[in-house]
Amino acid sequence: MSNVTTSQYNLRLLDDLARLDSPIHRIHPLIKLMTTIIYLVVVVSFGKYEILGLLPLLFYLVVIIALAELPLWPIVKRILWVEPLIIGIGILNPWFDQQVFTVGGLVLSKGWLTFLAICCKGGLTVTAAILLIATTGMDGVAAALRLLRVPRVFVLQLLLTYRYVAVLSGEVGRVLVAYSLRAPRDQGIRWPVLGSLIGQVLLRTFDRAERIYQAMCLRGFAGEYHTGRHPGIRLWDIAYGGGWVLFFGLARAYNLPLLIGVWLTGGGQ
Amino acid sequence: MSHHIVEATDLRFTYPDGHQAINGISFLLRHGESVGIIGANGAGKTTLLMLMLGVLLPTSGNVRVGEVEVTRKTLPIIRQKMGMVFQDPDDQLFMTTVYDDVAFGPRNYQLEEAEVERRVVAALETVGILHLRDRPPFKLSGGEKRAAAIASVLSMQPDILVMDEPSASLDPRARRRVIRQLQSFEHIKIITSHDLDMILELCERTIVLQGGRIAADGPSAEILSNPDLLEACGLELPLTLQSCPLCGNGGSRR
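Top line first, the protein sequences correspond to chains B and Y. Going by our numbering, the letters in the first sequence line up with residues 1 to 269, in that order. Going by our numbering, the letters in the second sequence line up with residues 1 to 254, in that order.
Honestly, the hints are just simulated from the structure, not real lab data. Since the structure is predicted, the reported quantities are computational estimates derived from the model, not experimental observations. Keep in mind that the hints are not guaranteed to be accurate.
[As the list claims (entries may be wrong)] Per label pair, the in silico range of CB-to-CB distance:
hint, chain 1, residue 1, chain 2, residue 2, range
1, B, GLY199, Y, GLN157, 40 to 48 Å
2, Y, CYS244, B, GLY199, 42 to 50 Å
3, Y, CYS244, B, LEU13, 44 to 52 Å
4, Y, ARG173, B, ILE89, 51 to 59 Å
5, B, GLY223, Y, THR71, 18 to 26 Å
Note that CB positions come from ideal geometry on N, CA and C, so glycine has one too.
Construct the complete structure from the given sequences, taking the supplied hints into account.
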């Protein structure tokens with residue numbers, strides 16, 4: 001059951017990463033949010049067979065991970081958690097798409113291409129979102145959303161849900177440890193107990209969430225979640241955002257891998 | 001100094017399930033007073049604190065803080081005057097760093113960020129954990145969490161400090177540190193606890209609750225040395241007043 005405790009620490013990892021200090025962490029949250037949104041739109045805008053066009057966009061993620069000095073493996077693990085969902089969405093494409101293409105004498109359904117494109121797009125977008133939180137923190141993202149005039153009730157919902165996950169996982173962890181200590185021979189939780197156990201966890205979490213909310217109210221919380229004032233947007237922040245938008249635009253308009261290949265091989269001679 | 005007075009008049013509270021937790025309580029706390037609220041489990045201590053802070057509203061009777069009656073409308077004023085440290089610090093600490101947690105209250109009052117920082121640093125210094133300012137609260141030890149929870153209330157500069165079991169689950173040294181911190185707070189202190197030695201040390205006045213009523217109200221030295229009263233209320237003499245188990249000396253226990 002120590003997995004639960006490990007998961008709790010994993011949940012907080014993004015918060016820990018967000019507290020690092022790097023050139024990327026110092027960029028204004030609003031610029032990072034806008035850059036990420038534009039990145040997501042560009043990734044999604046590629047056609048369903050255009051896999052090669054997505055390749056240059058990987059560069060953005062690599063640069064962020066390198067400059068922000070983020071550990072690679074924990075981030076890859078988080079992407080892998082989401083992959084089953086993405087595979088679930090695209091796995092039937094090879095059977096539904098009737099068109100075919102030939103590769104190395106092998107005739108394949110074009111559905112494999114769309115499936116691969118979905119996996120790539122899913123991987124890129126999920127990674128971009130994880131990197132945004134790992135370099136900005138949920139508080140920073142919330143502050144940026146407020147600057148974009150997103151209604152405070154939505155921002156608050158986002159922040160409290162994020163906090164609530166930690167509360168819920170804490171309760172689950174405690175209940176599971178208590179269960180495992182009194183049922184040492186069980187590998188998991190027995191079915192007859194599962195219902196009441198989940199019910200208990202939920203009730204305790206409601207209770208806990210209520211106490212946390214009371215503690216917030218007693219410290220003057222009135223619906224607005226103040227995360228401290230961020231410094232203003234600097235010229236460097238704008239240059240950072242502008243540079244990436246330009247790159248995304250080029251990657252969208254031109255087939256960069258092809259152009260680089262042509263340039264390297266001397267114009268296809 | 002009438003603005004620092006806390007007054008309860010015939011306070012009653014019944015939970016939705018019909019359990020009558022507070023059953024006609026009246027008292028008056030004056031400026032600078034330290035009051036211990038003690039009682040067996042289920043005597044109504046925490047409910048009474050919740051009523052004072054307006055987390056629960058009384059079924060009948062009322063609580064006044066200074067000139068202001070605790071009602072739904074006056075909650076913002078009441079909560080600016082009163083700071084509450086919860087029994088479980090994990091209920092109170094939920095931001096990503098100790099600094100942000102201690103800054104949560106001042107930021108809610110829209111203070112300038114420079115003033116917020118001044119208050120946070122002062123509060124963290126008071127409880128001796130300034131070096132932990134950038135640590136995530138969930139990685140702190142029990143004593144450090146308690147100190148952070150106290151700092152998160154001190155940063156709001158309350159007139160009245162309310163604490164629910166401040167010494168619970170602390171090791172002796174952390175407990176001693178909390179007692180010293182509380183001794184330095186000059187305004188009204190309201191402390192509920194089963195740690196009667198701490199109450200004896202910190203509070204000049206003690207209110208004993210039993211079954212949602214006041215069983216006794218008076219000087220701590222008198223009440224906490226009365227074994228019959230304490231036993232009738234499901235309590236015991238403070239350990240410092242009990243006889244030594246090794247040499248049999250000291251204490252007034254029969």
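Legend entry - Verdict for GLY199 (chain B), GLN157 (chain Y) (Cβ pair) under range 40 to 48 Å: Roughly 42 Å apart at Cβ, these two residues keep to the hinted range, so it holds.
Inset, instruction - Determine whether the Cβ-Cβ distance between GLY223 (chain B) and THR71 (chain Y) falls within the hinted range of 18 to 26 Å. - result: holds, 19 Å
Inset, instruction - Starting from the range 42 to 50 Å, see whether the pair CYS244 (chain Y) and GLY199 (chain B) falls in it by beta-carbon distance. - result: 49 Å Cβ-Cβ, so the 42 to 50 Å window holds.
Legend entry - Supplied distance hint 51 to 59 Å, evaluated on CB atoms of ARG173 (chain Y) and ILE89 (chain B): Roughly 56 Å apart at Cβ, these two residues keep to the hinted range, so it holds.
Legend entry - Satisfaction of the hinted span 44 to 52 Å by the C-beta atoms belonging to CYS244 (chain Y) and LEU13 (chain B): holds, 51 Å
The structure fails none of the hints (numbered hints given earlier).
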